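Chains as they are written, first to last, in my numbering: chain G, 1 to 345; chain R, 1 to 312.
One thing to keep in mind: the hints can contain errors.
Heads up, simulated SDA-like pairs for lysine to any residue below, C-alpha to C-alpha not over 25 Å straight-line [as the list claims (entries may be wrong)]:
#1 K193/G / K312/G
#2 K14/G / P130/R
#3 K14/G / S132/R
#4 K193/G / A101/R
#5 K312/G / P283/G
#6 K193/G / P283/G
#7 K14/G / G131/R
So these bits of chain R aren't anywhere near chain G, every CB distance computed over 10 Å [claimed, not checked]:
#8 P20
#9 R74
#10 A82
#11 E84
#12 L108
#13 Q118
#14 T141
#15 G147
#16 E151
Taking CB as the label site, the calculated pair distances span [unchecked claim]:
#17 E299/R / A141/G: 42 to 50 Å
#18 P74/G / G145/R: 25 to 33 Å
#19 T97/R / T119/G: 27 to 35 Å
Hints listed in this document are in silico derivations from the structure and should not be mistaken for laboratory results. Bear in mind that the values here come from a model prediction, so they are computed numbers and not experimental data. Virtual Cβ for every residue (Gly too), placed ideally from N, Cα, C.
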Amino acid sequence: MRTSQRTFRLDPSKYPVVVPHVSWSEGTLFFGGIALRELSPAEWAFLQRCDGTRALRELVTTASDARTIATVAPWLVWWDAPVVRTLVVPGGATRLVFSPGPEDAWLGMGGRLFMESPTHATTVITCFGLMARTVEPLAFATPNDLAAIARDEIALVAQVAGVAHELWELPARELRHSEDGRAGAPSSVDWMKSMLREVIDEAVARAAPNEIFVPFAGDASSDAGVLLDVVLGMYVDGLFDAAELHIFESTPVANGHRPIDEFLGRFERSYVELRDYFVPVTPWIGRKGSALEVFRSRVDHASRDAWLESAKLNGVLSDPVAGSGTTTRELHAERFWAARLAGAA
Amino acid sequence: MLILTLGEGDFWATPSNAGPLASFCADLLRSRSLAGCLASLPEEPAARRRLFTFLRSLQRAGGGQTVIALPGDRVTPDSLRACEVGQVDHVVILQGTDDPADAIASVLRFRDTHPVPQLGIHVWVDAGLPGSIHRTAAAWTRAFGAGIAVELAPAVLASIADARTTATSSGGDRTTRELAGPAPASVACEWLRSTVTIHPSGTVVPCPHHAPNGHPPITSAPATLVAAVATFPQTLASDATCRGCARRMRFTIPDWMKSRHVAPRTGGASPLAAEERFVDHVEGRLDDVELAMRATLIEAFIERARSVATAP
Numbered sequence: 001m002r003t004s005q006r007t008f009r010l011d012p013s014k015y016p017v018v019v020p021h022v023s024w025s026e027g028t029l030f031f032g033g034i035a036l037r038e039l040s041p042a043e044w045a046f047l048q049r050c051d052g053t054r055a056l057r058e059l060v061t062t063a064s065d066a067r068t069i070a071t072v073a074p075w076l077v078w079w080d081a082p083v084v085r086t087l088v089v090p091g092g093a094t095r096l097v098f099s100p101g102p103e104d105a106w107l108g109m110g111g112r113l114f115m116e117s118p119t120h121a122t123t124v125i126t127c128f129g130l131m132a133r134t135v136e137p138l139a140f141a142t143p144n145d146l147a148a149i150a151r152d153e154i155a156l157v158a159q160v161a162g163v164a165h166e167l168w169e170l171p172a173r174e175l176r177h178s179e180d181g182r183a184g185a186p187s188s189v190d191w192m193k194s195m196l197r198e199v200i201d202e203a204v205a206r207a208a209p210n211e212i213f214v215p216f217a218g219d220a221s222s223d224a225g226v227l228l229d230v231v232l233g234m235y236v237d238g239l240f241d242a243a244e245l246h247i248f249e250s251t252p253v254a255n256g257h258r259p260i261d262e263f264l265g266r267f268e269r270s271y272v273e274l275r276d277y278f279v280p281v282t283p284w285i286g287r288k289g290s291a292l293e294v295f296r297s298r299v300d301h302a303s304r305d306a307w308l309e310s311a312k313l314n315g316v317l318s319d320p321v322a323g324s325g326t327t328t329r330e331l332h333a334e335r336f337w338a339a340r341l342a343g344a345a
Numbered sequence: 001m002l003i004l005t006l007g008e009g010d011f012w013a014t015p016s017n018a019g020p021l022a023s024f025c026a027d028l029l030r031s032r033s034l035a036g037c038l039a040s041l042p043e044e045p046a047a048r049r050r051l052f053t054f055l056r057s058l059q060r061a062g063g064g065q066t067v068i069a070l071p072g073d074r075v076t077p078d079s080l081r082a083c084e085v086g087q088v089d090h091v092v093i094l095q096g097t098d099d100p101a102d103a104i105a106s107v108l109r110f111r112d113t114h115p116v117p118q119l120g121i122h123v124w125v126d127a128g129l130p131g132s133i134h135r136t137a138a139a140w141t142r143a144f145g146a147g148i149a150v151e152l153a154p155a156v157l158a159s160i161a162d163a164r165t166t167a168t169s170s171g172g173d174r175t176t177r178e179l180a181g182p183a184p185a186s187v188a189c190e191w192l193r194s195t196v197t198i199h200p201s202g203t204v205v206p207c208p209h210h211a212p213n214g215h216p217p218i219t220s221a222p223a224t225l226v227a228a229v230a231t232f233p234q235t236l237a238s239d240a241t242c243r244g245c246a247r248r249m250r251f252t253i254p255d256w257m258k259s260r261h262v263a264p265r266t267g268g269a270s271p272l273a274a275e276e277r278f279v280d281h282v283e284g285r286l287d288d289v290e291l292a293m294r295a296t297l298i299e300a301f302i303e304r305a306r307s308v309a310t311a312p
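Next comes chain G alone, as it looks inside the complex:
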């Protein structure tokens, strides 16, 4: 059973939010479809008050409250500031972020999204379907379960970050390759690319963004690879007008440089030149970590740790002096590549 504990921080100054994965029915607390423990109605009522608007010191007033919060702590996500949920409606956005899956944009550039969303109207678009993959197969056993919880995860993170989000639900890689040739499961990547190009074109025309973000892809046949291929093609064809194209990490640098080197190798003698740069996100790394904890159906503990470790390594790469630990402050950064057409001024 993979309902392992994530965090167990009973910091009175932090703001707990109960994750949408837990529910209560007739005296039992559930994580997805897995019964966790008995929980009284009063305890559940207390748990529902953990919505991120109150710090732990405000929430806990009795010994019973303290016991409850201790027993349900693994299913809380802790924020360093009061959570302000903002339901942002997709529309005009200065920044469009195309994410293959629900969590990818938050893994690769979650710190930057938290940091810059107040100044850059942002829409995060999840391009591919939500039903094919989970790290909690026992808790979310059916495609409907997965689709529901993934939507809840995205909604919570987007509201807390103050960004708009859209779901396109094109068939994910696992759904595109139909061994039995069942109807409705398009097997052609070309078909997918043509559809994706059409809807991206429409989204860009609607939002008229200044910046477009896509993930880098080591594997060209992955969802990220299909997405990057289509967006680069459109960029080369001049379909983005004045919008800048940026690429964010989709594999943590902590896992090795080889995927990134192979990816960059694709751009040698290409029409597109890439310039890498780092964005310091140190004050926001805690919130990024919390956001990644929300994606419990998609991101396991090891992946979350790898991404946070990667942010540290990026901090070292971005500022070798300050990031090397010779200063008292540890740096965290996220890595990006800005695209430019070869020969362009």
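Got chain G; can you put chain R on it based on the hints?
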């Protein structure tokens, strides 16, 4: 092909609507492309009777599944019983933002009095409920296990309600404004591919998200209606409501609705009055019926459906 109707209108009883609708359904029956009909349950008893008569008539001419859509806050044992007595195949409970506890309790009470229900019950959880989709779906699945199919709604129910409100309050300005958007592009709508959506006002709309303003009324010949439906893809991309239909592979009717096979009802005497019973009753697939018999059934259906409009 599934015919979908929205809202609670009694347009079945309007002669100018019932005739063309019956002819349109008959055309689909002849081409064997009709998988069924989904309609909302009217409040008024006479309107309910007319709707059930129409649905039974369609069902017995080989028209596939008949489905009643019921908003979660209007699910009662009585409304479910009415659907059962009306011999509808399925009820879809549209679970929106309201607390599902009352609806669950109603279904449990209905189940208590109908331990072997003929009625299939499905729940569509509004995909537009940010943050509480899982909990809402879990409340239903824990109450009924596999006994009730809980699915994400193929369309955002709240958006449908908003669209209706906006269209009503703005008198059609919304559609006009949206139609003035970017030039049309060739996009296909997954919903439209499988479903003809008819608003209770008698207009055909591309999908449930649409307000009826600006779209062709059903008061036309079946051929014209088919042509009107065929024109929708040309304007979809110019309508903000439609942008995105193509990419939503889930934005289509569920598989269980696509089957034209209707399981024969079993056990007990029919709850219908004698005059409500049909001699043209077909159980099973229309494909299994001889051509001549099929034509007879379809003609009987048209006659019966048209008579709905003049029924008391």
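Evaluated hints:
1. For the proposed pair K193/G and K312/G, the alpha carbon gap of about 35 Å is over 25 Å, so the pair is violated.
2. Between K14/G and P130/R, the direct Cα distance comes to roughly 24 Å. Compliance with the 25 Å bound is thereby established for this hinted pair.
3. For the hint linking K14/G to S132/R, the alpha-carbon distance of about 23 Å falls within 25 Å, and the restraint holds.
4. With a C-alpha separation of about 44 Å, the suggested pairing of K193/G with A101/R is violated against the 25 Å cut-off.
5. Of the pairs offered as hints, the one joining K312/G and P283/G holds, with about 12 Å between alpha carbons and a cut-off of 25 Å not exceeded.
6. Between K193/G and P283/G, the direct Cα distance comes to roughly 38 Å. Violation of the 25 Å bound is thereby established for this hinted pair.
7. For the hint linking K14/G to G131/R, the alpha-carbon distance of about 21 Å falls within 25 Å, and the restraint holds.
8. Separation of P20/R from chain G is adequate, the least Cβ-Cβ distance of about 31 Å exceeding the 10 Å criterion.
9. Remark: the non-interface label on R74/R is consistent with the geometry, its nearest Cβ contact in chain G lying 23 Å away (cut-off 10 Å).
10. Distance to chain G confirms A82/R as a non-interface residue, since its nearest Cβ pair spans about 28 Å, more than 10 Å.
11. With a cut of 10 Å on Cβ distances, E84/R stays outside the contact zone with chain G, its closest approach being about 26 Å.
12. Distance to chain G confirms L108/R as a non-interface residue, since its nearest Cβ pair spans about 13 Å, more than 10 Å.
13. Once the 10 Å rule is applied to beta carbons, Q118/R is consistent with being away from chain G; the minimum gap is 25 Å.
14. Residue placement check: T141/R does not keep its beta carbon more than 10 Å from all beta carbons of chain G (closest about 8 Å).
15. Residue-level check passed: G147/R sits 15 Å from the nearest beta carbon of chain G, beyond 10 Å.
16. Listed as outside the interface, E151/R is inconsistent with that label: its C-beta sits roughly 6 Å from the nearest C-beta of chain G, within the 10 Å cut-off.
17. Distance hint check: the CB atoms of E299/R and A141/G are about 49 Å apart, consistent with the given range 42 to 50 Å.
18. Checked against the hint of 25 to 33 Å, the C-beta distance between P74/G and G145/R comes to roughly 27 Å, which is consistent with it.
19. A hinted range of 27 to 35 Å holds for the C-beta pair T97/R and T119/G, which are about 32 Å apart.
Against the hints set out earlier in the document, violations occur for numbers 1, 4, 6, 14, 16.
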